[in-house]
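First to last, the protein sequences are chains A and B. Numbering-wise (UniProt numbering), the first sequence opens with residue 1 and increments by one. Numbering-wise (UniProt numbering), the second sequence opens with residue 1 and increments by one.
Bear in mind the hints are in silico, worked out from the structure with no lab data behind them. Backbone N, C-alpha and C fix where the C-beta goes; we use that ideal spot for every residue, glycine too. Check before you lean on any hint, since a few could be wrong.
[What the hints assert, rightly or not] Sample of chain A residues lacking proximity to chain B, with all beta carbon distances greater than 10 Å (derived):
1. GLU75
2. TYR88
3. GLN98
4. PHE99
[What the hints assert, rightly or not] A few chain B positions that, by computed beta-carbon distances, are all more than 10 Å from chain A:
5. SER83
6. GLU132
7. LEU139
8. VAL185
[To be verified] No farther apart than 27 Å at their CA atoms in a straight line, the calculated lysine-lysine pairs in the DSS-like style are these:
9. LYS28(B) <-> LYS110(A)
10. LYS90(A) <-> LYS28(B)
11. LYS103(A) <-> LYS179(B)
12. LYS103(A) <-> LYS5(A)
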Amino acid sequence: MEEVKLLGWWMSPFSRRVELALKLKGVGYEYIEQDLANKSQLLLEYNPVHKKVPVLVHNGKTMAESLVILEYIDETWPNNPILPRNPYEKAMARFWAQFIEEKCNGGLWKIMWCKDEEERGRLVEEASHCFRTLEGELKGNKFFGGDEIGMVDIAANFIGYWLGVVQEVSGMELVTRDKFPVLCKWMDEFVEHSVVKETLPPRDKLHAEFEARLGAPSWKY
Amino acid sequence: MSGEEKVVLHGMWASPYAKRVEIALKLKGIPYEYVEEDLLNGKSEALLKHNPVHQKVPVLVHNGKPVIESCIILEYIDETWKSSGHALFPQEDTYRRARVRFWADFIQRQLLEKFIVTITAVGEAREEAIKELRKNMELLEEGLRVNFFPEGIPQYHFDDQKNVRFLDITMCAFFGLHKAQSEFVRTTEIIDLQRTPLVFSWVESLKEVPVVKEVLPPHDEVVNLLRGFRQNAVGSSPQV
């Protein structure tokens with residue numbers, strides 16, 4: 001009998017990625033919400049190295065790091081694949097997932113917490129360049145995965161949904177419809193996807209959290 | 001393997017990422033052409049064409065199609081040349097694959113990248129990086145023991161090069177030079193025999209594998225390179 005548990009946090013795009021993959025494949029799981037301010041014994045035991053979510057537990061076997069977990073899910077439940085089967089295309093998908101993680105999300109993260117205006121300007125320009133590159137990868141397709149969402153779309157979930165809320169809260173205008181029409185169209189498709197919809201945290205709750213965390217209005221620009 | 005396969009590796013003599021790919025290609029007995037890139041003075045047109053996004057090495061070009069990022073290249077190599085040499089990744093056991101990938105990611109982000117900070121940062125940022133590097137090496141020690149070598153590493157284990165696989169390659173391509181690297185971390189050995197005996201014996205035995213020995217750059221050249229980076233970072237004496 002399959003026993004799948006997911007330790008996650010409602011606000012974390014990383015744990016939502018795993019939820020999305022499990023739902024896409026119709027894998028039943030028990031979800032255990034974590035309080036990251038007050039980490040549970042379970043979390044510390046299951047992820048002693050990083051002490052973070054998500055953690056997937058499959059028949060007692062624990063694993064961490066969302067992109068690693070996504071590959072595991074795809075290999076273990078091969079229906080509705082999220083990665084191409086062709087080794088070259090798979091390598092490309094892995095590259096873009098990593099690019100999104102390191103350059104796009106990594107860049108956004110630095111911007112969000114940067115207090116120095118000049119530095120932030122520089123970071124925004126750098127990030128714009130990365131988003132331009134990413135946008136180019138859509139190549140006229142509905143999703144990065146083609147007609148259906150794949151690993152790259154899942155990896156880009158922060159961009160697909162969370163970024164909109166962050167921009168609203170902070171006044172940052174990095175990814176706008178006039179600057180990135182193709183990427184914004186992808187964002188529209190992403191959040192409207194029937195399975196993706198189920199994994200998105202409530203917008204008003206997310207907005208309130210970001211407002212609290214990103215701090216003073218003086219940060220707006 | 002058909003006679004029409006063409007494999008080109010764009011690398012650089014000191015890049016641990018390129019070294020990972022070289023080790024993998026040699027272990028699997030895959031013939032390839034090597035192109036040394038001069039990253040400072042003039043990247044080749046081929047490199048810029050094949051890796052326009054990052055313009056970095058390594059790039060593996062297989063029948064004209066480029067693959068980038070060392071760990072992704074290793075997965076690609078293993079999936080494409082299934083009957084060449086031995087498997088670099090666990091085959092059937094998807095959980096073991098997940099653990100291997102987890103620890104490769106750990107080696108990359110929590111060890112390799114932290115070491116780079118110890119070279120390029122100064123003052124408090126550097127001290128913090130040194131502490132984290134030490135702590136993370138101890139986490140690797142534990143991880144290695146729990147997940148891969150619960151009984152320690154058998155003597156002569158890596159004499160059979162079939163036992164050199166993805167995680168081993170990921171680690172030794174960089175930390176095979178830990179002695180050279182340690183010269184720049186002042187008060188501590190990066191891989192300390194007392195504190196992390198398993199990691200120490202792991203890396204030391206991997207260094208002796210003929211293919212690894214052949215591929216890793218000489219100690220002195222690495223020391224000079226690191227000294228150069230350190231001098232750039234501090235602007236003066238390397239004794240910081």
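Hint check results:
Against chain B, the non-interface label of GLU75(A) is violated: not every CB pair exceeds 10 Å, the least being about 4 Å. TYR88(A), annotated as away from the interface, has a beta carbon of chain B within 10 Å; the closest lies near 6 Å. Annotated as non-interface, GLN98(A) brings its C-beta within 10 Å of a C-beta of chain B; the closest such distance is 6 Å. The claim that PHE99(A) is not at the interface with chain B is violated, since a C-beta of that chain comes within 10 Å of its own (minimum 7 Å).
The claim that SER83(B) lies off the interface holds: its Cβ sits roughly 14 Å from the closest Cβ of chain A, which is beyond the 10 Å cut-off. With a closest Cβ-Cβ approach of about 13 Å to chain A, GLU132(B) is found to remain outside the 10 Å limit, as its non-interface label requires. Not every CB of chain A lies more than 10 Å from the CB of LEU139(B), the least distance being 6 Å, so the non-interface label is violated. At the 10 Å boundary, the C-beta of VAL185(B) stays outside the reach of chain A, the nearest C-beta of that chain being 22 Å off.
The straight-line distance between the Cα atoms of LYS28(B) and LYS110(A) is roughly 40 Å, outside the 27 Å bound, and the hint therefore fails. Simply put, LYS90(A) and LYS28(B) have alpha-carbon atoms about 20 Å apart, close enough for the 27 Å limit, and the pair holds. Taken as a hint, the LYS103(A) and LYS179(B) pair is broken in the structure, with Cα atoms around 32 Å apart against an allowance of 27 Å. For the hint pairing LYS103(A) with LYS5(A), the CA-to-CA distance comes to about 30 Å; that exceeds 27 Å, so the pair is violated.
Violated hints, in rising order: 1, 2, 3, 4, 7, 9, 11 and 12; the structure is consistent with all others.
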